[in-house]
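Chemist: Next come the chains, spelled out residue by residue.
There are 2 protein chains.
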Amino acid sequence: MSKVLKLKCVKCGREYNPAEVLYTCLDCGIDGILDVVLDYDQIKKELTQDYLKKNTDYSLWRYLPAIPLEDTKGIQQLQVGWTPLYDIKSLPKETGLNSFFLKDDSRNPTASLKDRASAVGVAKAVELDRYVMCAASTGNAASSLSGFAASAGIKTHIFVPETAPEAKVTQLLIYGSNVFLVKGTYDEAVELCFKAADEFGWYNRSCAINPYLLEGKKTISYEICEQLGWEAPDIAVVAVGDGCTIGGVWKGFKECYELGLIDKFPKIVGVQAENSNPVTRAFEKKTFEFEYRTPETIADSISVGIPRNGIKALKALQESEGYMVDVSDEEILTAMKILAQKTGVFGEPAGVTSFAGIMKMNELGLLKGDERVVSIVSGSGLKDIKSAMQAAGKANVVEPTLEDVKKIINK
Amino acid sequence: MSKVLKLKCVKCGREYNPAEVLYTCLDCGIDGILDVVLDYDQIKKELTQDYLKKNTDYSLWRYLPAIPLEDTKGIQQLQVGWTPLYDIKSLPKETGLNSFFLKDDSRNPTASLKDRASAVGVAKAVELDRYVMCAASTGNAASSLSGFAASAGIKTHIFVPETAPEAKVTQLLIYGSNVFLVKGTYDEAVELCFKAADEFGWYNRSCAINPYLLEGKKTISYEICEQLGWEAPDIAVVAVGDGCTIGGVWKGFKECYELGLIDKFPKIVGVQAENSNPVTRAFEKKTFEFEYRTPETIADSISVGIPRNGIKALKALQESEGYMVDVSDEEILTAMKILAQKTGVFGEPAGVTSFAGIMKMNELGLLKGDERVVSIVSGSGLKDIKSAMQAAGKANVVEPTLEDVKKIINK
Chain P
0 MSKVLKLKCV
10 KCGREYNPAE
20 VLYTCLDCGI
30 DGILDVVLDY
40 DQIKKELTQD
50 YLKKNTDYSL
60 WRYLPAIPLE
70 DTKGIQQLQV
80 GWTPLYDIKS
90 LPKETGLNSF
100 FLKDDSRNPT
110 ASLKDRASAV
120 GVAKAVELDR
130 YVMCAASTGN
140 AASSLSGFAA
150 SAGIKTHIFV
160 PETAPEAKVT
170 QLLIYGSNVF
180 LVKGTYDEAV
190 ELCFKAADEF
200 GWYNRSCAIN
210 PYLLEGKKTI
220 SYEICEQLGW
230 EAPDIAVVAV
240 GDGCTIGGVW
250 KGFKECYELG
260 LIDKFPKIVG
270 VQAENSNPVT
280 RAFEKKTFEF
290 EYRTPETIAD
300 SISVGIPRNG
310 IKALKALQES
320 EGYMVDVSDE
330 EILTAMKILA
340 QKTGVFGEPA
350 GVTSFAGIMK
360 MNELGLLKGD
370 ERVVSIVSGS
380 GLKDIKSAMQ
390 AAGKANVVEP
400 TLEDVKKIIN
410 K
Chain S
0 MSKVLKLKCV
10 KCGREYNPAE
20 VLYTCLDCGI
30 DGILDVVLDY
40 DQIKKELTQD
50 YLKKNTDYSL
60 WRYLPAIPLE
70 DTKGIQQLQV
80 GWTPLYDIKS
90 LPKETGLNSF
100 FLKDDSRNPT
110 ASLKDRASAV
120 GVAKAVELDR
130 YVMCAASTGN
140 AASSLSGFAA
150 SAGIKTHIFV
160 PETAPEAKVT
170 QLLIYGSNVF
180 LVKGTYDEAV
190 ELCFKAADEF
200 GWYNRSCAIN
210 PYLLEGKKTI
220 SYEICEQLGW
230 EAPDIAVVAV
240 GDGCTIGGVW
250 KGFKECYELG
260 LIDKFPKIVG
270 VQAENSNPVT
280 RAFEKKTFEF
290 EYRTPETIAD
300 SISVGIPRNG
310 IKALKALQES
320 EGYMVDVSDE
330 EILTAMKILA
340 QKTGVFGEPA
350 GVTSFAGIMK
360 MNELGLLKGD
370 ERVVSIVSGS
380 GLKDIKSAMQ
390 AAGKANVVEP
400 TLEDVKKIIN
410 K
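Just so you know, the sequences run in chain order P and S.
For the record, in the first sequence the residue sitting at position 410 is 409 according to numbering that gives the first Met the number 0, with numbers rising by one throughout.
For the record, in the second sequence the residue sitting at position 275 is 274 according to numbering that gives the first Met the number 0, with numbers rising by one throughout.
Hints may be right or wrong, so weigh each one.
Which copy is meant is left open, because identical chains are indistinguishable; a pair holds if it fits in one copy or across any two.
Once the Cα atoms are required to be at most 27 Å apart in a straight line, the calculated DSS-like pairs of lysine-lysine come out as [what the hints assert, rightly or not]:
no.: 1; residue 1: 367; residue 2: 253
no.: 2; residue 1: 92; residue 2: 393
no.: 3; residue 1: 154; residue 2: 406
no.: 4; residue 1: 314; residue 2: 10
no.: 5; residue 1: 385; residue 2: 336
No lab work stands behind these hints: they were computed from the structure.
Could you put the whole structure together from the sequences, leaning on the hints where they help?
Modeler: Encoded structure:
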């Protein structure tokens, strides 16, 4: 029996049989993202703390009973998930916390959290016998899809804004994707990808419309809870662009609670860049409508005009009694440097935005100091070297002589 | 009681008490690299298959009984080692093998195999109360040291050739290292670093003189054997620059045998770039003397004029009855592309050189087809995007219109 009870529109609540609809709500169109409603009574019988204790699969697939796939045939070999959770004690001054937990999801196969979604998306495509896929992305979701699709023999067409960092575009090409660099914003790349998917019948990986992607992302919360010994954190801090990740993170915690794995929820705090903050604005106005402003931030992975999965993001904030915090690009660059120098974890700008958010929460007096706070690093700094160079400072160029070295050391 | 029986010069065989000498042989100077001789009778009592079966530490520290540290106080939190070993079945035509094993060591914290050495090197520095370190490197060893030293609060001075890839230099800076970009070759950077270390009393991380680094690298072979169910592979293929990695890999296999964990050795095959092949030349001439030629290869991590740990490399080949294979830069770029497109693993040029070697071995008729062959990917492609771009091909730039997309799809 399928684990999926139904797909439910997050906007109007209309319910569908999974075989009935591929992407969004037939009434609400693109705003009507569907939520995968699982049969928790059934899952609960299998996915217990005891079951996991005996499970030696240290990847996201250890949570397979809660992932809506019919079988394992589409599961690829790339080792994804079960990334480290570090207890960071070296930043009390910057965070106001004696320690906080850093979940380093840059340690996935293509170096971002998006691999969790791609692993499930590609497996779903294989299940549906769909061997051409597409995605629109600011970079990470695309390079992630490319890597997983490559290992599954699936052809991919990818749409990214022309401004995407070089490393992300190179990843796409090296994995063999057909890449469209769109002369326009991320939002325009999304529109174009959706039109092309319709026209050519490609299976669309976009988390913004494909309900199964979030089912991969939610596994990060299962891991956090398990790595904390099945005690939920007090606060989980997540960078927010389209809202898919924060939506996934919240779904994961809710399910852990639903399945009896944890006994309380964390508060979810979303962080946006101050000039790319549609979710913050909507949250503060208590509306589910988003107002477009041209986004402008160094954190390309969360540079978004209209959040494609904004309703799920707002629900995560409301349901968990959380809130939004904004940070400047300068604060993001500072966070990147501090995190690397004090922990050895080198995140990309969006990847350290949640940590920048914690520093901001500290500044604003929002932390008591004894909470268990988790910060998610969503992507590797190696993906955007140009931004890192802005934070990193300069090297000393020397002739190969001790004299030149002495001049610098004794300066 | 210390696990270290003695340090032994690989050139003249002179033995030392570990407290007596920090780096190389007092007679042979820089050529007299020391080998750490461990008390296997003692280690054997603890490090058994059964002990490991119960060990839930999935990092290189699961092999701590075989790592010459006096205690755990210098061990940093960054999760290093226990990288995936993939059984690749998608490349029979290219390799002549129905399957081969790909050990993806780009999945370490700073995205290279060097993290194994740095983890141990930094722990050793803490043990010795040495809080300023230095290294000369083509890039990976340095960025790796920087990351681990950062998380240990150790200050670092790094010497790299000015031509080191941007990402590697940026990693150094973001981790807070003091960086010297040396106007000269890698060999000149090494000389300068050693002089400066002497002058200022810094603890030198260079694998070429510091005997403890190899003790980290050797853990990759322990992992390979354990991941293969304690059956050694028939052939292990390793890219060779200075010779430290191949030396470490061989030491790991030898120790697994010595400790009774495996019952046969693999043959070790070293791969060099054809215009940076001093080890190949020495091996073929059956000499332990190396002749300098200006190295020239896209694989910067193995671009070496004089191999600093060449004797250990040659001994690995001789003792294991292995051999050397050379590949061209073009073959390396092809290997990078094929590996990414068929497995989802994106290695840097030196990182895929071992796989290029397997394709070459196949071409030369050196493989029978039924051997268990392991290829080590030593670093991530994200570290050298410029090289990857040469292999990757081009993206299509389009206006955000379906018409532009159609033109390309229908071409």
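Chemist: Look at each hint and say if it fits the structure.
Modeler: Evaluation of the provided hints:
1. 367 with 253: Within. Shortest intra-copy distance 24 Å satisfies the 27 Å Cα cut-off; inter-copy 54 Å does not.
2. 92 with 393: Answer is within: at 26 Å inside a copy they meet the 27 Å cutoff, but 47 Å across does not.
3. 154 with 406: between (55 Å within a copy, 18 Å between copies)
4. 314 with 10: within (11 Å within a copy, 68 Å between copies)
5. 385 with 336: both (14 Å within a copy, 24 Å between copies)
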